[in-house]
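Asker: Chains as they are written, first to last, in the numbering used here: chain A, 81 to 190; chain B, 0 to 891; chain C, 157 to 264.
For the record, the hints were derived by calculation from the structure and aren't laboratory data. A few of these clues could be false.
The calculated DSS-like cross-link candidates involving lysine-lysine, where the alpha carbons are at most 30 Å apart (straight line), are [unchecked claim]:
{"id": "1", "chain 1": "A", "residue 1": "LYS149", "chain 2": "C", "residue 2": "LYS211"}
{"id": "2", "chain 1": "A", "residue 1": "LYS163", "chain 2": "A", "residue 2": "LYS99"}
{"id": "3", "chain 1": "A", "residue 1": "LYS126", "chain 2": "A", "residue 2": "LYS173"}
{"id": "4", "chain 1": "A", "residue 1": "LYS163", "chain 2": "A", "residue 2": "LYS126"}
{"id": "5", "chain 1": "A", "residue 1": "LYS126", "chain 2": "C", "residue 2": "LYS211"}
{"id": "6", "chain 1": "A", "residue 1": "LYS149", "chain 2": "A", "residue 2": "LYS99"}
Here are the chains, one letter per residue:
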Amino acid sequence: MKPRPTDLVPGTLDMLILKTLSLQPLHGLGISRRMEQVTGGTFAVKPGSLFPALHRMEGEGWIAGSWGKSENNRRAKFYELTKAGRRRLGEEKRNWAQALEAITQILEAT
Amino acid sequence: MSIRFGILARAARAIVGSTVWDSEAEDAVANLDEIYEARRRAHGSIAAGLWYLGQALTFGPRLWLDRRGRPAVKDTRDRSRVATWLDGARADARFAVRGFRKTPGFTGAVVATLGLAVAANALIFAVVRGVVLRPPPFPEPERLAWVWPGGELALTHRTFSDVSRLTRAAELTAFASRAYAIQGIDRPDEVTGLAVSTNHFRVLGRPPVVGRAFRAEDGQPGREAVALISFDAWQTRFGGDPSVIGRRIELFTSAAIPMLPGAFTGTPHSVVGVLPPDYRPLGYAVDVVTPLVEDPADDAFTQLGELLFLGRLAPGASFEQLRAELVSVADRIPQLEPSMEAIGSARVVAFQDAVTGPVRPALFVTLAAVGLVLLIACANVASLMLARAQGRRNELGLRAALGASRGRLARQLLTECSILAAGAGALGLLIAGLLLPRLVPVLPPALGASSEAIALDSGVLLFVIGALLLTLVTTGLIPAHGVTGGLPGSLGGRRRGTGGTRRTNRALQTIVVSELALAVMLATGAGLLLKSFVRLTDVDAGFSPRDVVTARIAPSDLRYADAELRRALVRDVLDRVRALPRVEAAGAIHFLPIADGGPGINFTTNPADPENRQSTGYRVVTPGYFDAMGIPLLAGRPLRDTDHQGAELVGLVNRALAERLWPDEDPVGKRLYRTSGQAWFTVVGVMGDVRQSAVGLPPSPEAYLPLAQSEWASAMTVVVRSPEPAVDMGRAVEDIIWSVDPQIPITRSAAMDDLVHASIASPRFYGFLFSAFAVVALVLGAIGVYGVLAFVVRQRVDEIGVRIALGATRRRIVSRELARAGRLVALGLGIGLAATLLASRTLSSLLYEVSALDPIVFAGAGGVLAVVALVSALAPARRAAGVDPLVSIRGH
Amino acid sequence: MARESLGELEQRVLLAMLHLGGEAYSAPIVLELEQRSGRQVAPASVYIALRRMEKRGFVSSVLEEPERKIGGRGKRVFTVMPGAIEKLRVARRELERLWDGLDPVFAA
Chain A
81 MKPRPTDLVP
91 GTLDMLILKT
101 LSLQPLHGLG
111 ISRRMEQVTG
121 GTFAVKPGSL
131 FPALHRMEGE
141 GWIAGSWGKS
151 ENNRRAKFYE
161 LTKAGRRRLG
171 EEKRNWAQAL
181 EAITQILEAT
Chain B
0 MSIRFGILAR
10 AARAIVGSTV
20 WDSEAEDAVA
30 NLDEIYEARR
40 RAHGSIAAGL
50 WYLGQALTFG
60 PRLWLDRRGR
70 PAVKDTRDRS
80 RVATWLDGAR
90 ADARFAVRGF
100 RKTPGFTGAV
110 VATLGLAVAA
120 NALIFAVVRG
130 VVLRPPPFPE
140 PERLAWVWPG
150 GELALTHRTF
160 SDVSRLTRAA
170 ELTAFASRAY
180 AIQGIDRPDE
190 VTGLAVSTNH
200 FRVLGRPPVV
210 GRAFRAEDGQ
220 PGREAVALIS
230 FDAWQTRFGG
240 DPSVIGRRIE
250 LFTSAAIPML
260 PGAFTGTPHS
270 VVGVLPPDYR
280 PLGYAVDVVT
290 PLVEDPADDA
300 FTQLGELLFL
310 GRLAPGASFE
320 QLRAELVSVA
330 DRIPQLEPSM
340 EAIGSARVVA
350 FQDAVTGPVR
360 PALFVTLAAV
370 GLVLLIACAN
380 VASLMLARAQ
390 GRRNELGLRA
400 ALGASRGRLA
410 RQLLTECSIL
420 AAGAGALGLL
430 IAGLLLPRLV
440 PVLPPALGAS
450 SEAIALDSGV
460 LLFVIGALLL
470 TLVTTGLIPA
480 HGVTGGLPGS
490 LGGRRRGTGG
500 TRRTNRALQT
510 IVVSELALAV
520 MLATGAGLLL
530 KSFVRLTDVD
540 AGFSPRDVVT
550 ARIAPSDLRY
560 ADAELRRALV
570 RDVLDRVRAL
580 PRVEAAGAIH
590 FLPIADGGPG
600 INFTTNPADP
610 ENRQSTGYRV
620 VTPGYFDAMG
630 IPLLAGRPLR
640 DTDHQGAELV
650 GLVNRALAER
660 LWPDEDPVGK
670 RLYRTSGQAW
680 FTVVGVMGDV
690 RQSAVGLPPS
700 PEAYLPLAQS
710 EWASAMTVVV
720 RSPEPAVDMG
730 RAVEDIIWSV
740 DPQIPITRSA
750 AMDDLVHASI
760 ASPRFYGFLF
770 SAFAVVALVL
780 GAIGVYGVLA
790 FVVRQRVDEI
800 GVRIALGATR
810 RRIVSRELAR
820 AGRLVALGLG
830 IGLAATLLAS
840 RTLSSLLYEV
850 SALDPIVFAG
860 AGGVLAVVAL
870 VSALAPARRA
880 AGVDPLVSIR
890 GH
Chain C
157 MARESLGELE
167 QRVLLAMLHL
177 GGEAYSAPIV
187 LELEQRSGRQ
197 VAPASVYIAL
207 RRMEKRGFVS
217 SVLEEPERKI
227 GGRGKRVFTV
237 MPGAIEKLRV
247 ARRELERLWD
257 GLDPVFAA
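Pulled out of the complex, with its shape left as it was, chain A reads as follows:
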């Protein structure tokens, strides 16, 4: 039995979206579906937070939406990473690694 999906660690949504899109362009729900797949169902992102995040990130210029073809050959909005987004992903990754390291150090401190 699959564990019930839990909410994301706060502050990581952008990074996860960027990471997901760095592999391939996806439409909105495709992103959340892929995130669930990759994490084995551990993390789920609700549409209620997904679309605002996507629109905000599009505004930041990290991702770009364009009209492509869905599985059913319909016009659906696909997002892909921009150059700025790729850079942003690198920064987020670095921050995350630093934070992780710090937290691990705290947790392992004796």
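Since the structure of chain A is already known, use the hints to place chains B and C on it.
Answerer: Structure of chains B and C alone, referenced to chain A:
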């Protein structure tokens, strides 16, 4: 994603565009387009188009109903009155459609008649809208005004700069037409151009779409020459490449004024911008726009009277204020320039009126005529409906007896008419859509119609809907009134002549009379226009165009910078052409009559007297031109090869100029002073008058100057008279020109006959259009008379039978029925001719040497119509005589 | 706001939108519905459904800039809102409860 739209889809898009709320229309069309495209791929364009049309018709109304606060969720709550009404309407519609299915002949006839009339109306209205009603594409066009100089003297650049500086009521800007030869792009070519003062784009209010507008310094002498090119030229010659800015093009003034030394010089111009796509300030497309250079040292500044003034009124100012101000400005400026008096007496005309004014009367008259056709079609359909309704009196009576209210029955009839009208509208739009692309190319060029401007857009759609409402009123309400009015007594059956029948009879007769009256109007109009057209074709233009071919060359190359080279070119071409077998005469002229319009010069008979300055048309010609065109020499001698540079300057005048200057003297030997060339020339001969600018316009004063003594007229038309077929001769002339110089553009090659023919395209177009309308009106009118008489005879079978039984001869019966028809015809003709007398004056601006009250035309139109109407009455009258008295009496 | 339950067409429109990734303009929704249901769908119905759901907060929309091609037109792009997802879930549960235990009836 570019979608190909069939005609149905295009109609559907127009419907959506005009029925869906503005802010939502774009989204709706975009989405419907996309679904349409998917359907087109899957099911083909016809199925998809029909689907689109269906959606289009329901889309707007459904949105509207939804907005009217229908419950948000469909449920079984009380149905609104709208819904109940809709249900009733649906039932009526189903009933009506069932009825139409049973009578396909009737339905087809009605829909076809109305559909054709609607199509004709939609087409003509589309033209009127595209040419006249569409506001010019400039902001606040109502504040734009033309300043038309009074008198003959045209406006010079100096006049412009003086006047515009002092005028406050409007910002003035000046234009001059230019023909340029252009080089530096893909091919040398002649293009139409405009020279404008540098505030042009500010005044018109439309900046270039790419690059920049002119700046004030572009109009200063000594600056780098700049030019704007048209959107079209940008697309076709430069492939829409934005890097065109800064490119060099070489412009040659190819219609240069021969008196001005140095006027023919190729100048490299830098392209600084691209004009908007629909930029047509003078009603026609231009390819190149250059700044007018304000150079007081240049002769052109003070001498060339060729400018048009346009102004944008200052806020709050009126046309009248502008005119008054121009008068006072002209008074204040010392009369240095002769053209200042032209300003003092100038007229101020609204921009739109000036551009479309000349074509407006013809178009509106045509629209009125096609409206008459629709009215006649409506009348015909009304009589058909009436006859049909009369046949259905029993059915309607039964329904009335069963409790249907009169309103309900009237609604049933109206529903039927609405369905017919909708069908006719759809058919009409379909036909119009199919014909429109074929119509635009045959429109007379004078309309300046562009295929972008003429389209079946939402405006046309609204017009058609309006026309259909009119149709509905005439074809639906009249029969509804005529039939339901007499209902209560009608259950007894048709055998007893009832009030209802009499009422129907009266209605039918009224319809026929009006139909005939309308047909007379159209037939008379057509007759007047055709007669005028025939007159035009018979005009003696002063030359004989038969067996004459022409070829216009524009040697706009730097290789011809030297005047003598250019003269030699023409001489060479003419020498070789004359050597061709069967060439009777050959010459050249710089502005060919009928085709080219004409320039003017200022001259005087006394240079010391500024009051003496006058202007005249003039043409530069070579010896042989007059023989080739068949223009007679009336006095003196023709031009000779010896009239060359260095010899005495000579010229010819036409009869009109001779009569104006020297009414009682011999013009030969008189001298004239050209103010712009500052030289005297001697008149050596008088030529016959030629209708230079149009066949229908009387000749105006003209001078002819020899090419050999003129500074270059860069473009010259070679004129050759030969009995050889024009096609062969034309090709031979072209071959010779290119054998002399293979690089020269031949900008026009045409038989003179064809040019004359083309110049009367407008009268021919209107004449034939009206004739077509008149024929349709005649046919419909004849059908109407036939239908009504047949109906009357059918209603009166009993009475006729009794008469025959009582001994009336068949002859008597026939003549009685014919007399009945004759009364209707006479009444219709009378009313129609009277109405025509009142209305035909609107045609007078279209008529050439035909009175709008031409008695022969009136009599002819009336006669033709009377004959056609009576002939169509013959068959029913004969049928009346064939009634078997026994059968009809036994029927009682 | 968003108190009433979703109508049938509204549910179908929302589901089609989710198939399209949760953001869509009306044409693909119509085509998606047609393909999945095998029936014709009137664009006007979808249009009206979207407009009503927007009023009730189930979807939100922005007018998208025309595509930068000649003849491109602006389209209204709708996004599914969280409230709609909740309503869909409720609707599905209701229906499933009704179906519960009826399988034998429908077994061929």
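Asker: Could you run down the list of hints and mark each one as holding or not?
Answerer: Status of the hints after comparison with the structure:
A distance of roughly 29 Å separates the Cα atoms of A:LYS149 and C:LYS211; the hinted pair therefore holds under the 30 Å criterion. For a cut-off of 30 Å, the pair hint linking A:LYS163 to A:LYS99 stands: about 13 Å separates their Cα positions. The suggested pairing of A:LYS126 with A:LYS173 holds, with an alpha-carbon distance near 23 Å, which does not exceed 30 Å. Only pairs whose Cα atoms come within 30 Å are accepted, and A:LYS163 paired with A:LYS126 is accepted, the gap being roughly 26 Å.
Using a Cα cut-off of 30 Å, the hinted pair A:LYS126 and C:LYS211 holds, with the two alpha carbons roughly 22 Å apart. Proposed proximity of A:LYS149 and A:LYS99 is supported: the alpha carbons are some 22 Å apart, at most 30 Å.
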